[in-house]
Amino acid sequence: METALAVLVAILVTSSLYLMTSGHMVRFLFGLLLLSNAANLVIFAAGRLTYAEPALIAPGALAPAGSVANALPQALVLTAIVISFGLLAFALVLVYRAHQSLGTVDSDEMRVAEPRDGGEA
Amino acid sequence: MVLLTAPILIALSTAVLTLFAAGDRRLQQSLSVLGSVALLVASLLLAGTVLNDGPIAATMGGWSAPFGITLAADMLSAAMVVITGVIAVATTVYGLADIDPAAERVGYHSLLHGLLAGVCGAFLTADIFNLYVWFEVMLIASFGLLALGGTRAQLDGAVKYVALNLVSTVAFLIAVGLLYGATGTLNMAELRIAVRALDDDTVVLVTAAMFLFTFGVKAALFPVFFWLPASYHTPSVAVSAIFAGLLTKVGVYALIRVFTLIYDTEMPLLQGLLLTVAALTMLTGVLGAAAQNDVRRILSFHIISQIGYMILGLALFTPLALVGAIFYVIHHIIVKANLFFVGGVIRRLTGSEDLARTGGLWARSPWLAVLFLVPALSLAGIPPLSGFWAKFVVVKASLDAEHYVVAAVALLVGLLTIYSMSKIWLEAFWKAHPDPAFEARPMSGVESVALVGPVIALALITVAIGLAAAPFLDVAIVAAEQLVDPEAYTRAVLGALP
Amino acid sequence: MNSIILLAGARILTPLMLAFSLFVLLRGHNEPGGGFIGGLVAATAFALYAKATSTTATVQALRMQPATVAALGLALATLAGLWGLIGAGNFLMGMWPLLATAADGAKVGLPIGSVLLFDIGVYLVVVGSVLTILLALEDDVAEAERRPEAE
Amino acid sequence: MIVTSELTGVLGTAVDIAMLFLIAALILTTVRLMRGPTLPDRVVALDLISMLLVAFLAIFALASDESAYLDAAVALALVAFLATVAMARFIDRSPQAAAAPERDEEA
Amino acid sequence: MADVTNGLEARIALGGSSDLRRFAPALASIIVFGIFCTALPPVAAGETFRFVWPWIPALGIDLSFVVDGLALTFALLITGIGALVLLYTAAYFQKHPGLWRLLTLLGLFELSMLGLVLADNLIVMFVFWELTTITSFLLVGFDHDKADARAKALQALLVTAAGGLVLLAGLILLGALAGTYEASALPALGDMTRGDPMYVVVFALVFVGAMTKSALIPFHFWLPNAMAAPTPVSAYLHSATMVKAGIYLLARLMPALGGTELWFWTLTLFGGTTAVLASVWALRQSDMKLALAHTTVMALGTLAMFLGGGTVYALAGAAAFLVVHAFYKASLFLVVGIIDKQTGTRRIEELGGLGRRMKLTWAITLLAALSMAGVPPLMGFIAKELQYEAALGAASSPFLVAGFAMAANAMMVAIAANIALRPFLGRTTEATAAASEPPFAMWIGPAVLALGGLLFGLFPDVLGDFLVEPTISAKAGEPTEITLKLWHGINVPLMMSVVTLAGGGIIFFAATAIRKRLAAAEAGGLWDAERGYDRALGGLKATAMWQTQLIQNGRLVHYVWWTLVSFAVLLWSAIVIGGGIGVPTLPSLAVVEWALLGLIAFAAVAVPLTQSRTTALLSLGILGAGIALLFVLYGAVDVAITQLLVETLVVVLIAVALLRLPRLRLPRGSAAPGVAWGRLGLSALVGTGVGVGLLAVLATPFDRTITDFYDAASVPDAFGRNVVNVILVDFRALDTYGEIAVVVFAALGALALLRVKPAKEPSGDQA
Amino acid sequence: MSGVAEIAAAICLVLGGFLTFIAALGLVRMPDVYIRMHASTKAGTLGVGLIVVALVLVGGGSGVVGKGLAIVAFILITAPIGAHLIGRAAYRAGMQPWQADQSTPVANRDDQP
Amino acid sequence: MNLFAINLTIALGWVAVAGTVDATNLLLGYVGGFAGLWATRQLYGPNRYFERTFAAIGLVLFFLYDLVRSSVGVIWDIITPEMLARPRMIEVPLDAESDLAIMLTANLVSLTPGTLSIDVSPDRKRLLVHAMFADAPDEVVHDLKDGMERRILEALR
Ligand code: NA
Ligand code: NA
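In order, the protein sequences belong to chains A, B, C, D, E, F and G.
Under my numbering, the first residue of the first sequence is numbered 46, with each subsequent residue one higher.
Under my numbering, the first residue of the second sequence is numbered 5, with each subsequent residue one higher.
Under my numbering, the first residue of the third sequence is numbered 5, with each subsequent residue one higher.
Under my numbering, the first residue of the fourth sequence is numbered 5, with each subsequent residue one higher.
Under my numbering, the first residue of the fifth sequence is numbered 638, with each subsequent residue one higher.
Under my numbering, the first residue of the sixth sequence is numbered 221, with each subsequent residue one higher.
Under my numbering, the first residue of the seventh sequence is numbered 142, with each subsequent residue one higher.
Treat the hints as calculated values from the structure; they're not laboratory data.
Take the hints with a grain of salt, since some may be wrong.
To be verified - Between beta-carbon pairs, the in silico distance windows are:
| id | chain 1 | residue 1 | chain 2 | residue 2 | range |
| --- | --- | --- | --- | --- | --- |
| 1 | C | Val112 | E | Leu1223 | 49 to 59 Å |
| 2 | E | Leu1223 | B | Asn56 | 53 to 63 Å |
| 3 | G | Leu241 | B | Val41 | 31 to 41 Å |
| 4 | C | Glu149 | B | Asp28 | 27 to 37 Å |
| 5 | B | Ala441 | E | Ala784 | 12 to 22 Å |
| 6 | G | Gly177 | C | Gly113 | 31 to 41 Å |
| 7 | C | Glu149 | E | Ala784 | 47 to 57 Å |
| 8 | C | Leu20 | F | Val224 | 25 to 35 Å |
| 9 | F | Val224 | C | Gly113 | 24 to 34 Å |
Where is the CB? At the ideal position from N, CA and C, for every residue including glycine.
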């Protein structure tokens, strides 16, 4: 399954970067969401997969029975998901506000900070 | 150990407290300044301890390494935290007269101290995933600060800054994941051992390449620095000053840390690449500055150029070169933040940052001129200011290592730096104001203390680092020695039992 | 959204979901759940409520600004960390005031302490932050819709 | 193999059959999601996909004898509703997206 | 605060009590001069004083200073002339609002220059070297309201700073091969340094540094341009002292670098050429100040040429000329300043008949000019004799040196005559009609200097014993005896002097014709190095603009593109260099897993392909749910639940924002087929790179130690049965702590974005 | 006991799976959004409900019953509300229900631009 | 004292005695408690608790029956190639007044195949229903009013 995940990651990354290079900021956001998912899958797969054995310990037991899924990458992914959520939410609001103020979501049209005639004449 | 958590805790606590004090501007400001001062004091105590006792470490939650997260400070970390404290105090004081009350109400102070927490966390952690987390704290706080104010230019700049930084941040996460998958650990001291033990070159190189990329973006290296000149001139002055001083240096710090501690064995392979990158970073940055006509845009490009020197120090990878890189980092944080502060005063007095629309300051405010000259000349590497020693050590290290071309580039870039800094001097200070009827808006007493006070303080530090370079250099030497032979660091990290 | 049906549904679902979120929070140390998930469920509950009623009504239901909730959460988490720092010299160290060591070395009592406090902090941060963004965005969109303008 | 499971006998077979139905349903629903043509059509598809995934989780909990997976199903049921409400509101407030399919399809 | 000091300065400059205070710097300089004078006897007796304070031991840099003959000669010139110039300035700029700025900068310069010549440590010397560059820059741009003054100041700065950087490299390399930065230690190491393979490089770098500072061809052009500075500044910095720093440097390093063929030829050729060409340029100037500036360049060339010779006579010639030149040239500059101040012009053709109105000034001028022309019994004559003697004694090519020297000196004669005669004789002009003598403070300086030239000429032993001898001892690195005399009898040098004077006379009378010829010759721009500077500066600006528009062009798409290209290159280089990976085996999966993977992949591909915002959004929702199911499949329940909740909240947020966001129509640029394929290619390159990286990691054995610890410690030590949660809130709680900070700050940032909107700016919605 | 439960569960599973399939099929085949909602709301709910019932029958674990009932109850409450909201929005947006006697062939609905 | 509360208390007591907190025990406790309370119903005086409970159970049973019954029709229509449906929007007068009752009515209408609640009129007097087999609209209205709504009102009364 890890191998399949590697292929899936490649697809996700490709798709997300294709979106991110479009110059359309809404597509960029979509790409970002995809990319975060890809990163999470990388971490998850890198910690190796165990089928259907959550890292839970039965009541009364001191340790999990048998081999269970690797809990550490899960914790990392969980952290990463929440962080990505924060970043993405901010980015979304930013794009929304940029559109509100600049009137465009086409990044090529966003030339206020670096005007076309910028620099020394 | 309290000393290691204190900087993070103070910054985050201040962030929370100022949020609770959202209704009372004076209280917010007092808390903010107080928090910065406390951060500075804590950082000085930390640095004193590290200087005396060598690297120290503390386990979080009492879980020993490599199972829990360990914070650790060697001389480099401690020095970086001290500089953070200095810049924090300067920025919060400057912000008293610079920040829009509306921005203060919605969380400027919290975001600022959040940024500081992220920066301190990044400097102090000895865990690679935790480093990612602090990077994100820093990043999101910087996002907020950058866009605070909501002007069109800010939104535009923020879009580019956010977009590019988010790309690199995901690369960081992927790199951490891969490294964990290959080694089974996240503790940076243990990673040193584990990466050495790895048989698979592809894994080592791929992760190294990813770290190089992601930290390279944060550090604004050629050719991935786009986000910096696109945005650094847009926020309020206090914010851009702290960005200019601190943020890229966190990237440089991370590069130094990761490539001396974990990937030091790969450095010979990477040297050619890093030297080229350093040279091109220096050159493109300074040429960018030469093409600009706006105070903060000139200064922003200079940041890039100066980062090149630091990376040159890392690339050479000799003890002296690392000394140079570290000294450069410390010097540049102070000087660059100060230049942005002065740029703010220029704008405040002349009403513009566009050099064509400024002028007359040498006649009107000779003291401001002197206060500009100190960091400007220091940045240009004029002795006996701090920048000279920084440049001296890096160039000497290049020459010692017989890398003559990069040494030549470093010197040439020094000249171009003088050229582009002189532009500000010629236009804003020497040239008469284009409007003959122009009258500078007088500053109130509070304003001049808040705006000029930090400038004076940082200028004094610059002069002090220049005139009394020895103790600062000694710190850099200790730091470099600990990087070249991180045994003390790894022992502190791995041996830090609860 | 001005639908009686949704409103009536939300009046049932929101408290149910909130109760569920607390349940998830409290049992998180032993079963799937915890502060994040609990907080997200609670945020979902309030988000639903906001959709059925209004942002103002939602803030009223929260009894404070969502950003304050988030700050409170961060403060609680910090306190939980400080507890360990002051009590045992390690930041974020788990403190278990209701546990005692029995003669055989085993711990007896209730495993409730700083870790739970920390998780509650996480819960509040998540609820507060998600709602801060969502409600502010809703308000802004609503305001923009009120301004007639050509897009 | 359709589902990796320790179940055998009639229950195992039933799980496999149900899973195949679910997968077929998933494919069909995805088709509707992609074809639309109107936004309400897509939202209905999304709603059904959420339900299918709840069923999926339930079967999976049964097959692996792991009740913890039902927690995920509960969570999914909760949030799927919110998504539906949000999308319905979206249609409600930008009626052009709903009424005239070609407008949103515009290339 | 700045206003207060402004007012203060104005009061100091104009107020009554300030009258005396403005002479304080001059007084201080005289006192220092006096102190240095007390060192004359012991130094003349061969003693040297060395002071050392530790500074930066780690770099081998101490604050070490040496007072030997060379240093003392310079120190006396600096403080002595400095005192006179400060005095002159206080008078010249009495009513100028910038008087104190000028005095301050001159004082700073004097200190820097003193430091430069006294420093024994080469790096310390360099510190002062650069400080003189900066003070010079600030002084040249004194009239900063004029664009021309600013441009000239910048030019002086850039040329000397460039040289300074080259010099720095040279000094560092020298320090590396000598093992010390102490100049006083170099004489003993001379053979070693000259024998090192790096010698040529070190010499070249040091020489270029010296050339820029001392305005040798081709870096000469900045010096005449620096005449934009006020006259006292020109007299002091750009004639008497700073420009000699390069010469000083060569003299100081001679024990380490001198005495080779390379040294001789380089210094002789560059020095000689500079001397001759500068004289020619000087001839064609009608602005007296510019003429003097060019003669300064000539003097510098001459000094370099004689340093190249390396014989005792050559050194003596150089040392004597150094002092002599400082005296007469500073004097002449100040006189020109007086004329300028009293008449309003420095142009020789606008002047005439001043001799009647300004007798004292004329006398001073005559005295200084005679010294410049090398007429006995003035000191200039002795120096010239020494030069000729040295030229003849040059080890190789004596005629070359002699030729250079004679040609240059003849032209000096003509120029001296020009300045001393034309303004003072002839008819009174419009400008000179109302001219009168200057105040005491202004004429005393040039007078003292001119008289000094006469006195040294009459008593050459004073000069010889106290200045020249110790100076050349220091240079040569060993005690040297030399006797200066006015009259050596009739010998070859004397004959040469006569020829020089005669030649000078001819040139003086043919001056107009010569000037025309020169003007015609120079129109070709053969020697116009300044054009090179302009081209370089223009090229720099153009390159800067070009590269900035190329790299930082304001287009995010371009930024993202090149950022990703960098990533792809790094990634694939690492993969290729690392040896790549083995071929992975096809996984055997259950149908459900295939279905799930297919669903995710399908949704991932659908997002970029659809033109519908909502389809994209809903696809993202499905993708998120699919990945959550993958997590469930592999036992990550907490993650799956979080993923579901977060993805849904994201979809909800986007759905709200989408109400006010436009459709997904692509920008024209990225929709073009070629561009789209390029984007796909790059994206796929990165995507596969990451995939390959993951496969490589998966091929390594996995170390599960840490997780095993968590599994074992979770219940007994952390009292929790959900290991993932225990990691989050206990084992790795600091991550979570930082993470909730991220969430809080994200919310704050978003809130700020939505709540803080500038009132003034026009909204883009209307645009 | 367990044998009966298993067979009952198996029936529920297959039936539930079949119903969800029908729901999806309806979604694809039915002519307009309202009728598609009929399919998804009813058959979907019933199908999922049956599958959960199967789980409750054989899952055995203490948590299963509660969670299973919670899921079913939740879907029973939310699915119709969701359908109402979508339907209402569509209706208010002016989407007219498909009429059996209208001349537009069913298949063509999807192919509209 | 509310009988429902007492019943719930009994259920909780059962759970406590059983020692395991789960839905099965809660349900068993509730059913057991209800049986006990019903047996002793004279003790509590006039009370609608039992009627409402039985009405609610009746409602659930009716709903399940309805759900299954008319599902077949929809399924059949989906499976068969021809479109059998004669859909139409129908307005059904509402007797239910409270929000909860309206919601329940609308929900149950939606859950039974063949009808789907679309909207409630602004005056809350009519329910707009999309009926799939609406050849005779009045019949549909009658079925809904006499079947589902009546039972809901009984359970809530
Ligand atoms: Na010296
Ligand atoms: Na975490």
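Exercise for the section: Hints the structure violates: just list their numbers, smallest first. Expected result: Result: hints 3 and 9 break, sorted rising.
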